[in-house]
Amino acid sequence: MRTGEPLPSVGDVLAALATGLWHWDTATGLVTVDAEAARLLGLPPEPATLTEAQTRARFHPVDWNEITGVVRLAVAEGTLAEVRIRIMDGDGKIVRVVRSRSKPSYDPERQAYELIGTLQEVTEPAPGTAAARSAVTGDWRRSREAFLLDAGRALAEARSTAEVLRVAGGLSMPGFSPDGLVVFGVQGDRLTITGQHGHQPADMNPFSDMPLDTPYPAADVVRTGRAVYLSSPEQYKERYPVTWPLARVFGRRSWAFLPLTAGGRTMGAWMAAFTYPVAFTPDERAVLTTVARMLAQALSRAGAAESERELTEGLQRSMLPSLGPEIPGMRVAARYIPTGGGLQVGGDWYDLIPLPSGRFALVIGDVQGHDVRAAGLMGQLRIALRAYAAEGHRPDAVLSRASRFLHGVTHAGDDPPADLRFATCLYVEADPPTGRLEIARAGHPHPVIRMADGTVMMRPTAGGLPLGIDPDADYPTTRFTLEPGETLMLCTDGLIETGGHDLESGWRRLRATLEDHAGDLESLADALVQAVHGPSSHHTTGPLADRREDDIALLLLCRPGDGCGCGDAVAVRPPERRTLLSVAQDEPERIAEARQHLRELLHDWGSADQVDSAVLLVSEMVTNVLVHTDADALLLAEVVGEGAGRRLRVEVFDSGDDLPHRRRPGELASSGRGLMLIELLADAWGVDPRGEGKSIWFELYEPGGPAAGLSEGAA
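Just so you know, we're using my numbering here: the sequence shown kicks off at 2 and counts up by one.
Read the hints as simulated data drawn from the structure, not as lab findings. Here a beta-carbon is modelled for each residue, glycine too, at the ideal position from N, C-alpha and C. No false leads were slipped in.
Estimated spans, in silico, between C-beta atoms of each pair: (1) GLY644 with ALA585: 33 to 43 angstroms; (2) THR33 with GLU307: 47 to 57 angstroms; (3) ASP372 with LEU678: 53 to 63 angstroms.
All chains should be built: construct the whole structure from the sequences, respecting the hints.
Structural data, given as structure tokens:
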């Protein structure tokens with residue numbers, strides 16, 4: 002070419018070099034090629050406009066997917082997109098291999114990619130021969146896909162930042178494995194190190210607190226959001242002369258710094274360093290970029306989960322109280338296990354409140370729901386209960402005020418009726434010197450007594466509606482005494498029903514654990530939780546196994562004595578069990594509780610007929626007191642002995658002076674048969690005058706023991 006002659010056109014130059022041009026716009030879905038590009042695609046050598054489907058039919062299917070991935074990668078990094086493409090004929094045979102080099106761009110308004118590039122035939126690998134490692138063929142591709150699947154699964158399963166970093170440090174990339182990995186984070190305007198692998202911790206100190214404006218590759222990546230690839234020490238030194246002396250001491254030959262981006266925000270950078278030269282081909286960059294994206298997502302999930310755990314644990318610490326001061330002469334243990342939802346605190350709670358009278362209040366409750374609203378209402382209700390108790394109100398008054406408070410809170414706003422909440426609650430006021438308990442119950446499961454001999458029985462108590470339903474609801478009080486050696490268990494329904502159980506089957510499971518345990522109060526609390534929430538619960542699932550699990554709150558109160566295990570060693574359990582129950586004149590409905598109470602006491606009695614007889618006689622005796630006197634009835638039941646042949650003695654006390662006497666009722670009479678039934682069904686019975694009032698009693702002897710005879714006081 003002579004000086005001064007015009008330069009040939011770009012098209013002529015490319016045609017002379019056997020290089021074609023092509024233009025692809027994903028918005029229109031059209032691909033435009035010149036004559037040389039058309040020839041390379043196996044078409045007549047003339048300019049043409051093809052649809053994406055027509056173009057895709059000329060490419061190997063795997064290579065089409067490769068193009069789309071490389072284009073996105075090049076746009077993200079601001080680099081050229083280079084890829085090898087196998088051209089197929091109509092019979093599916095490879096006719097040639099071409100190399101495409103292009104500069105893609107992305108239009109956010111049209112949400113489309115535009116690609117302008119060149120196509121040029123390459124001679125290696127030859128068509129029809131086994132290809133060596135390349136961007137489009139060979140075992141390396143299959144190894145890469147398997148590696149990415151394994152890496153994605155491992156990172157998705159990581160639950161904490163430390164576990165994510167451990168997984169990242171153990172990744173072995175196919176064909177090029179880095180020996181040094183660093184995850185950089187950002188705090189304010191500083192670059193920090195979140196984790197590293199392949200370095201001594203002290204060696205990373207110069208990089209651990211670096212300003213973001215430092216001329217360092219990781220800082221550039223965080224500022225720009227674009228990857229930095231350094232294939233040689235000379236390239237590193239040329240681009241980052243200030244920080245090169247810090248990196249030189251590690252003896253690496255190549256570095257890749259990639260952005261960690263999640264939700265459109267660059268949260269840090271990831272460095273992969275190699276002790277050998279790496280060219281960072283498009284395929285290698287694609288692998289590194291994919292791993293960086295998965296790593297960013299895993300770190301984002303782990304960070305969010307750790308923040309949630311920290312928040313909910315702090316919420317739990319602030320909402321769930323410690324047991325505070327010890328109760329003189331009593332022992333207390335408590336547990337809270339969140340199982341019903343993602344939060345570490347839900348609607349269940351317990352509390353121990355010192356009262357102005359010197360007594361103590363034990364509270365356990367459950368706000369409806371397993372969400373943040375339930376947790377918030379629980380906190381408000383717990384504070385309100387503490388305030389009412391501190392004012393010195395009796396148990397029934399405390400629950401009445403709490404119900405009015407919760408009703409006001411839940412009905413004051415604009416919440417739809419479906420979101421109105423209620424709460425169950427059990428409030429116990431304990432007098433430590435005497436063991437006297439006063440209980441008010443609002444729709445909550447009954448308390449449970451573990452007696453000194455290991456017998457476990459549910460203790461029926463009077464109750465009212467759950468809190469928050471009726472602002473004017475009443476809550477009657479039940480009084481009884483916790484005897485030395487006995488343990489009171491209060492729990493929410495989660496402890497009973499966890500594992501798909503209903504109230505009946507779950508109660509049987511708890512009873513077995515309570516009866517078999519021989520340790521102290523803390524170990525008993527652990528055993529109860531383990532029985533329903535540990536591995537053994539998977540072998541004892543109930544009929545409702547598909548039901549959502551509930552949170553668990555547990556509160557144990559023990560009055561130390563023989564058989565409870567609260568001392569240094571487990572004491573020998575006494576061979577008797579005893580229970581006391583009062584029925585006031587204005588509480589005739591509690592006669593049903595007395596019957597149930599006696600059945601619980603005799604749950605392991607050898608004769609079902611005798612149990613039915615005892616329940617019938619108790620019902621008659623208590624009813625007679627309420628009908629024929631103006632006094633309250635006090636029921637005392639004792640079981641004495643071990644194994645078969647035990648003796649049941651039941652006494653009903655009242656303050657009336659009139660002694661009962663036999664009558665001969667007519668066939669249609671509605672009363673007068675009480676003493677006749679006692680004489681007929683009891684092994685022994687009698688009526689004893691007292692200083693104030695009297696008692697009527699009967700005894701039953703369990704089959705298998707000594708011959709039953711009338712006692713000396715029998716009538």
